[in-house]
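Chains as they are written, first to last, in our numbering: chain A, 1 to 338; chain B, 339 to 676; chain C, 677 to 955; chain D, 956 to 1234.
These are computed hints drawn from the structure, not numbers from a lab. Incorrect hints may appear among the rest.
[As the list claims (entries may be wrong)] DSS-like, lysine-lysine: derived pairs with alpha carbons at most 27 Å apart:
1) A/K44 <-> A/K309
2) A/K24 <-> A/K36
3) D/K1217 <-> A/K290
4) B/K666 <-> A/K243
5) B/K362 <-> D/K1111
6) A/K290 <-> A/K73
7) D/K1111 <-> A/K290
8) A/K44 <-> A/K29
9) D/K1217 <-> A/K171
10) A/K171 <-> D/K1142
11) B/K666 <-> C/K938
12) C/K701 <-> A/K29
For clarity, every value in this text was computed on a predicted model and none was experimentally measured.
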Amino acid sequence: MENYAEMYWTGLSPDEARAALVNKDKSMKDRRMTLKEAVSQFIKDGDNVGVGGFVNIRQPIAITHEMVRHGFKDLTLSWQSAGMAPDYLAGAMMLNPDHFSIKRIELAYWGHEAFGLSPMFRFLAERGMLEIEDWSNYNMSARFKAGSMGLPFIPTRGPLGGDIPSSCRTKIIDCPFTGRPIALLPASNPDVAIIHVQAADQYGNCIIRGTDATCAEIAMASAHTIVTCEQLVSHELITQTPKDVGIPFVAVDAVIEVPFGAYPGACRRHYYFNGDHISAFHAGATEMCKGGVPDTLKTYYDEYIYNTKTFEDFIAKFPVQRLIADQKAESFNCERLA
Amino acid sequence: MENYAEMYWTGLSPDEARAALVNKDKSMKDRRMTLKEAVSQFIKDGDNVGVGGFVNIRQPIAITHEMVRHGFKDLTLSWQSAGMAPDYLAGAMMLNPDHFSIKRIELAYWGHEAFGLSPMFRFLAERGMLEIEDWSNYNMSARFKAGSMGLPFIPTRGPLGGDIPSSCRTKIIDCPFTGRPIALLPASNPDVAIIHVQAADQYGNCIIRGTDATCAEIAMASAHTIVTCEQLVSHELITQTPKDVGIPFVAVDAVIEVPFGAYPGACRRHYYFNGDHISAFHAGATEMCKGGVPDTLKTYYDEYIYNTKTFEDFIAKFPVQRLIADQKAESFNCERLA
Amino acid sequence: MTASTDYTAQEIIVAAGAKVLEDNKIVFIGTGLPMVASLLAKQTHAPGLIPVFEAGAVGPPLNVGLPISVGDSKTFTGASFVGGLNTAFELTQRGFADFGFISGAEVDKYGNLNSTMIGDFPAGYQTPRVRLPGSGGASDMAASCERTILLVPHDKRKFTEKLQYVTSPGHLDGSPGARFNAGLQGKGPYRLISTKGIFDFEEESKRMRLIHYFPGETIESVQAATGFELLVAPDASEFAPPTEEEVRMIREDIDPSGAFVKRAKKKANKSINLTVPQM
Amino acid sequence: MTASTDYTAQEIIVAAGAKVLEDNKIVFIGTGLPMVASLLAKQTHAPGLIPVFEAGAVGPPLNVGLPISVGDSKTFTGASFVGGLNTAFELTQRGFADFGFISGAEVDKYGNLNSTMIGDFPAGYQTPRVRLPGSGGASDMAASCERTILLVPHDKRKFTEKLQYVTSPGHLDGSPGARFNAGLQGKGPYRLISTKGIFDFEEESKRMRLIHYFPGETIESVQAATGFELLVAPDASEFAPPTEEEVRMIREDIDPSGAFVKRAKKKANKSINLTVPQM
């Protein structure tokens, strides 16, 4: 086994993560605020930000837009598989690293499945502009899980046998019970979690539909959690079905109702993907990847982010027919009476 | 760190547990059978039996009655906190260890909270008739969790600092990331899990209300799982709310509809405790603890278990008014329209 | 706020336990009298108290009555979060529980508890003289809640220099950083409530220290019933008896069936066995 | 069952992938063509096939259409179990997944896959020539599914003696017990499907072995497009082209919008880049 002195933590160390929670106000209080208040109050330069959702499902898009408007330096971003959320942050860095910069990413996958590669990732990675730490989906999920459990590490089989252990902080030990190799993954305790959910009450109790992704783990692991929700509902409604609560209020610091908050990605029961907009957003970054000028990307950011004050303004830029079509497409996926 | 050669496994070792699942028929097939068939097909002498529920909540009482009628030798029983389920098995051993015997228990708690100590536990333990391995509730829950995750161990803080580590197979290591001590608990992979749930479909998808206890972990960790349910429902109904499914069919081998299957313990949405019957059952064992004769206990077993062929006969021995009162008491706890 | 003149030992324990709890904090509640005390706190000075139960309920209003089990249906109705044992202990290990409220059969001067066995450990582990129910979740709460509140019936043999078995770690041997160095989390025992008084643990030595003796007791009578040398706070004082209203609430509102608080005509300290219903 | 004479390279891959899957088995499905192949299998010879997706769906009927993401809403409707990533990978690590169906950008003769980077590892890790999306769940499936089915576009540079980065472990160095000794579970790569044929891994040496070449290919043409020495099964034979009905099902029933199976007038092996939509 290697010497633990070689270890470094991004975000909070396990002992710091414990202390952060002990000193936090975990009472059942009203946690509603504006997105702007939440982003400026709970995120700071240099933070490790845990990103919720999975690829383009239930990604915290509205929060990333507000982060771009605010501007941050030297962030570490942590997630398992992500698409548009880090794309929006990375695109801002491509345009003006003095306004927004990502120092490091800890991830399993950055791309878009059926919607292709991330040109933002290729641009920054192939130019050496990011520190990268590769893990797998289970690795990152288990690291957040360890963080959420108050453990310094968790064992998995996942990263054994390939090159992932040579490019990350995994330690491989001989299992003291079986003698066979097993990987120990260091916990991830981000400074702040950014999460989008289907519904929440004013205290922060969250209901998640479809994949839970790793949202509960990220929220419980982080020192602070910002939640946007499609629907802000009453505590009485939430507690009629407490088993639907995926993230309890104790782990949440800010609750903001933001309809379409994961758009142009998908959100179960609310809307399906807008792949056309994903492609349109990527066009400018793809140009830059190929050595082109930033004009197209800059036009996108100006129009859709910098010149809008809120995410409501961003959503208002879409044709109503398109928004309704994406809602209808999702209602086909999980048909239910209104 | 100690030498792993000192380690022994009860139930299945991690590699055996993996092999058991690989070779199992995990298809979506009808898993309904009688309780008698399930107990004789899936439990054998010497097995490690994982017991579901928590204290007297949702304990697999009907299954333990059938196990008593069948008779087993040298069982190991594993659970976190239990009451009536092991009491029924232990009482059978007190009366006739040639018919029923428990060799070993791995546990956190055996008792009844408001309903007192377990005279069965005291009788067998104070006479040295059982091998005991003490853990805590989190320890046993985490051991099942490790088993359900396909891991040989899981780290916890739980057993540090006291005598539990000196009386069980925990290994304490210096965390390779922080340098602080951390406990590694060996996985528990029972041969068979016995679980009672509120509802299941014919394939074995289970819905649990109220505490999940550690039932999903025990079922996923075990080589085989027997499930009794208050309500056998259609697959179509279950899959309308798949997030309510606590145990998926892939982990289940037998499904039996047994109303009142956790009685005289409680089962959320169905019935509250019958503390009077718990006390009546204990009376005979308490007599034996104090050096008395087994007559009272024997009378109980004859009347309520050996002379009944099925659990339906056992339930039929209760006054209807009492059963309805216990149902009414529970409907007060979670009021809902029928 | 008239002081009651007709309360039982269990009732003053419940009143004392309630007073130790703070509003808007999270308390991980063990079975037995801690449940009654937490309900009393919630219905008096601490309406924002957030209960957590080891079977998986977080934040229930407890408005359908006193649970008689920590996995009871009554702990789930109206809860903000409902899981199983792993989820409850994981969030405690993470640091979400401000207080843990547990009981034991035996305690030493550093607040270590035994609820496993009476007998000779390790030699007699497999043949205990008296086999107790075992840790349940108590050792986990002791290991991971930020501060713990302990309930132990006061008896010279039970307040002992050396425990027969340490189930739930307190301040261990009292040495500086003992808990941290053992890998434990949290600050350990904060208050101990017995049938005779209320104790804290002195900052430097981590030794049990009398801060309040119950009516009818004195510093001397408490020491005489204790099997090790007690520290005594400079301002140790008599604890105010529960008010008539508190006693009424316990008897009529909180535990009307006497599930944990037994009905007694008079005070009867000696016959009460707190270890039976607790985990 | 008329053989199609008008199918694309992706379509024969889908047909081949479907045939490898067995009825009533559990398949952990990676994104891209594995989803299409699994749906084809389920709608033909394997109605009892049980899909698992890494975002947390177990056993969905997939009756609301082809998911375009493994976390897609379409994977959850009608599922028997719905959790998150940890639950999906935990049950796989436990042994519940009979097959894992994944793709990669580069493969070696032991079925190890790269989907992380093209460039010089470790020296050029932070400045890759081409940065691929990364493992996603592929390395976890490779580590813990009982058997894996691999999809890799066939190209001499992509079927390579030495990978630039091993993302998903296959048979490692092919030595006896290599996977077990490394702590991995399961038997490793079972079949590989490329744009040119179907391969297994020879029992003793664990080396990739051609068992079927696609119509238009020969043993020699496949070897010529492979950057290492291929084994060839004694009974290696031409793979039957997909039937007209299979092609119709792919185009009309399963992927009518061409999310993964691109529309092409003619076969056009070379221009297909399987790595884009996959994880």
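Results of checking the hints against the structure:
For the suggested pair A/K44 and A/K309, the alpha carbons sit about 20 Å apart, so the restraint of at most 27 Å is met. Proximity of A/K24 to A/K36 is assessed by CA-CA distance (about 21 Å); at most 27 Å being required, the pair is judged to hold. At most 27 Å may separate the alpha-carbon atoms for a hinted pair to count; D/K1217 and A/K290 meet this at roughly 24 Å. Restraint check for B/K666 and A/K243: satisfied, since their Cα atoms lie roughly 23 Å apart, inside the 27 Å limit.
Taken as a hint, the B/K362 and D/K1111 pair is broken in the structure, with Cα atoms around 40 Å apart against an allowance of 27 Å. Taking the CA atoms of A/K290 and A/K73, the gap is near 26 Å; set against the 27 Å cutoff, the hint holds. Between D/K1111 and A/K290 the CA atoms are separated by roughly 25 Å; this keeps the pair inside 27 Å, and the hint holds. The hinted pair formed by A/K44 and A/K29 meets the criterion: a straight-line CA distance of about 23 Å does not exceed 27 Å.
Taking the CA atoms of D/K1217 and A/K171, the gap is near 42 Å; set against the 27 Å cutoff, the hint is violated. Taking the CA atoms of A/K171 and D/K1142, the gap is about 24 Å. The hint holds against a cut of 27 Å. Annotation: proposed proximity of B/K666 to C/K938 holds, straight-line Cα distance about 25 Å (limit 27 Å). Proposed proximity of C/K701 and A/K29 is supported: the alpha carbons are some 12 Å apart, at most 27 Å.
Checked against the numbered hints given earlier, the structure breaks hints 5 and 9 and satisfies all the rest.
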